[in-house]
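Heads up: the protein sequence lines correspond to chains A and B, in order.
Sequence positions in the first sequence follow the UniProt record's numbering and run 1 to 231.
Sequence positions in the second sequence follow the UniProt record's numbering and run 1 to 229.
Calculated directly from the structure, the hints in this document are not laboratory data.
Just so we're clear, the structure is a prediction, and the values are computed from it rather than from any experiment.
Note that CB positions come from ideal geometry on N, CA and C, so glycine has one too.
There could be a bad hint or two in this list.
What the simulated footprint calls covered on chain A by chain B, stretch by stretch (three residues with Cβ under 8 angstroms from a Cβ of chain B suffice, anywhere in the stretch; the number is not a length) [stated by the list, open to error]:
1) 76-90
2) 194-206
Anything over 12 angstroms on all C-beta distances counts as not near chain B; from chain A, calculated [what the hints assert, rightly or not]:
3) Val17
4) Leu122
5) Glu126
6) Gly155
7) Glu182
Straight-line Cα separation of at most 16 angstroms, EDC-like style, residue types lysine to aspartate or glutamate; simulated pairs [said to hold, decoys possible]:
8) Lys31(A) / Glu119(B)
9) Lys192(B) / Asp170(B)
10) Lys168(B) / Glu39(A)
11) Lys215(B) / Asp186(B)
12) Lys168(B) / Glu226(A)
13) Lys215(B) / Asp184(B)
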Amino acid sequence: MQMEKVGYLSTAAVYPVVGNDPFRAPGPSGKCELVTATEVYACADKKLIVVQQRAPLVRGKRKQFVSELCHWIQSCHFTKVIIVTSSYSHERVDTQIAGTQLRFLLSQSLESREGPTLRDHLHWLELERRHPLPGGIQDAPARGDVDQSEIFLPGAGFAKDLFEALRSADVSAALLLLFCSEGDNALDAIQLATAINTWLHLVDLKTKQSWRIPPSWRLQYGSTFEQILYD
Amino acid sequence: MDTDSIVTSHFANTIVLISVAAFAQAYVLGEQSSDLLAVVCSGSMTSHRNSFTQRAPTDRTCFIHRLQEKQKAWVLQCNVEISPEQAFSVTDQVFSKVNTEGLQVIVLTTLPVSGFRTETRHSDLELPFLRALATTHHEGQLPCPLLEQPTTIEGLPAQVLSYCQQHKVDAALFACYTDTNCPDLDTVRAFKVLLQIPPIRDIVTETPDADAQLKKLMTWHTKLNSLYI
Numbered sequence: 001m002q003m004e005k006v007g008y009l010s011t012a013a014v015y016p017v018v019g020n021d022p023f024r025a026p027g028p029s030g031k032c033e034l035v036t037a038t039e040v041y042a043c044a045d046k047k048l049i050v051v052q053q054r055a056p057l058v059r060g061k062r063k064q065f066v067s068e069l070c071h072w073i074q075s076c077h078f079t080k081v082i083i084v085t086s087s088y089s090h091e092r093v094d095t096q097i098a099g100t101q102l103r104f105l106l107s108q109s110l111e112s113r114e115g116p117t118l119r120d121h122l123h124w125l126e127l128e129r130r131h132p133l134p135g136g137i138q139d140a141p142a143r144g145d146v147d148q149s150e151i152f153l154p155g156a157g158f159a160k161d162l163f164e165a166l167r168s169a170d171v172s173a174a175l176l177l178l179f180c181s182e183g184d185n186a187l188d189a190i191q192l193a194t195a196i197n198t199w200l201h202l203v204d205l206k207t208k209q210s211w212r213i214p215p216s217w218r219l220q221y222g223s224t225f226e227q228i229l230y231d
Numbered sequence: 001m002d003t004d005s006i007v008t009s010h011f012a013n014t015i016v017l018i019s020v021a022a023f024a025q026a027y028v029l030g031e032q033s034s035d036l037l038a039v040v041c042s043g044s045m046t047s048h049r050n051s052f053t054q055r056a057p058t059d060r061t062c063f064i065h066r067l068q069e070k071q072k073a074w075v076l077q078c079n080v081e082i083s084p085e086q087a088f089s090v091t092d093q094v095f096s097k098v099n100t101e102g103l104q105v106i107v108l109t110t111l112p113v114s115g116f117r118t119e120t121r122h123s124d125l126e127l128p129f130l131r132a133l134a135t136t137h138h139e140g141q142l143p144c145p146l147l148e149q150p151t152t153i154e155g156l157p158a159q160v161l162s163y164c165q166q167h168k169v170d171a172a173l174f175a176c177y178t179d180t181n182c183p184d185l186d187t188v189r190a191f192k193v194l195l196q197i198p199p200i201r202d203i204v205t206e207t208p209d210a211d212a213q214l215k216k217l218m219t220w221h222t223k224l225n226s227l228y229i
């Protein structure tokens with residue numbers, strides 16, 4: 001799928017970062033295709049807008065960023081908004097360890113439209129509500145006990161805040177997440193992309209065979225090490 | 001930033017942001033007369049109190065100079081740490097005083113080679129070396145290779161370049177990767193290739209004793225660093 005860069009989110013809430021085109025290796029033309037911290041891509045054919053955030057939020061500015069983003073989303077009148085994120089796998093309860101690691105949440109306005117598709121057709125699981133902390137030994141839930149209390153998304157950044165803000169604003173929003181471990185998450189990203197594609201039918205994977213990995217995913221663990229250190 | 005001190009001069013057509021103070025002093029400002037337009041006060045560290053009175057070359061300052069002979073050229077000489085959190089605010093305030101139409105921006109910075117990601121072993125790299133990034137609206141050839149993925153640049157230089165990209169300004173960033181803690185003579189000299197390209201070429205007046213001036217400045221900085229004496 002060819003997406004075109006159409007804009008930027010200019011905000012004080014995201015740390016600045018710049019680099020060369022992450023999707024293509026530098027060509028012989030030597031032309032720089034600058035990327036910045038938060039960019040907006042569009043695919044007119046699929047009527048799809050993608051916002052990519054490449055740097056973390058500045059401490060203390062999460063509320064401001066969520067508010068700015070929510071305001072922009074409302075002004076654009078999108079049919080539906082999908083927040084894609086991950087959550088710490090070591091924070092799972094026992095019942096979440098086996099089986100699919102994909103979970104979803106839907107806002108009330110999207111539930112009637114997409115709920116049956118995700119649950120019955122795709123057989124996805126809704127994120128289990130639970131207490132964020134055991135609350136001490138006495139109040140600790142029994143092993144595997146899932147409490148219907150609140151959305152618990154450790155390691156998901158501002159995803160939960162944004163989802164709740166959109167839900168409150170009656171925007172049709174979905175939150176899609178995968179339980180992930182720290183480290184190289186390339187395979188997790190492919191799994192999430194495949195899941196989104198199964199839902200939205202964006203790319204014909206039967207024809208294209210597989211996803212293309214961008215060159216910027218090289219060197220996940222840093223530069224080549226000095227072998228002499230271990231001789 | 002002390003905004004009171006900025007005259008409403010919306011006619012800069014060149015901004016050179018240099019976080020390598022010695023290069024700015026020896027080669028760009030040199031013997032040229034310049035007006036001190038503004039001082040950037042981040043206030044993040046109490047030891048970095050900035051004021052117009054701190055004029056010694058080794059003072060931790062961040063000044064905006066306007067060249068008297070080339071009134072449309074501003075030089076932002078930054079010898080103080082500006083935290084990434086403050087980069088947005090500083091950039092926004094500096095550019096709020098500038099008409100971005102026809103503007104050219106050059107950013108110079110030094111970075112530790114440990115942050116440069118490459119398949120080549122670091123011991124095989126010839127240090128120091130320059131890498132460049134440019135906005136889509138940058139015209140002209142770059143005198144060094146482009147920064148390769150997946151290496152990225154952060155902080156104030158990144159924010160300035162991001163601003164220029166978003167506002168369709170012709171801008172280029174030159175980063176010198178080095179393995180020294182403080183920029184040494186070789187690191188600063190690596191930027192000399194930029195003296196041959198516009199817009200720096202157009203604003204710099206050749207001074208025969210620039211190299212000698214640089215050596216003197218570097219000696220002052222070295223004397224302050226007494227760790228290895």
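Structure-based check of each hint:
no., hint, result
1, 76-90, "violated (count 0)"
2, 194-206, "violated (count 0)"
3, Val17, "violated (5 angstroms)"
4, Leu122, "holds (33 angstroms)"
5, Glu126, "holds (35 angstroms)"
6, Gly155, "holds (22 angstroms)"
7, Glu182, "holds (18 angstroms)"
8, Lys31(A) / Glu119(B), "violated (22 angstroms)"
9, Lys192(B) / Asp170(B), "violated (21 angstroms)"
10, Lys168(B) / Glu39(A), "holds (15 angstroms)"
11, Lys215(B) / Asp186(B), "holds (10 angstroms)"
12, Lys168(B) / Glu226(A), "violated (42 angstroms)"
13, Lys215(B) / Asp184(B), "holds (10 angstroms)"
Consistency note: the structure conflicts with the earlier hints numbered 1, 2, 3, 8, 9 and 12.
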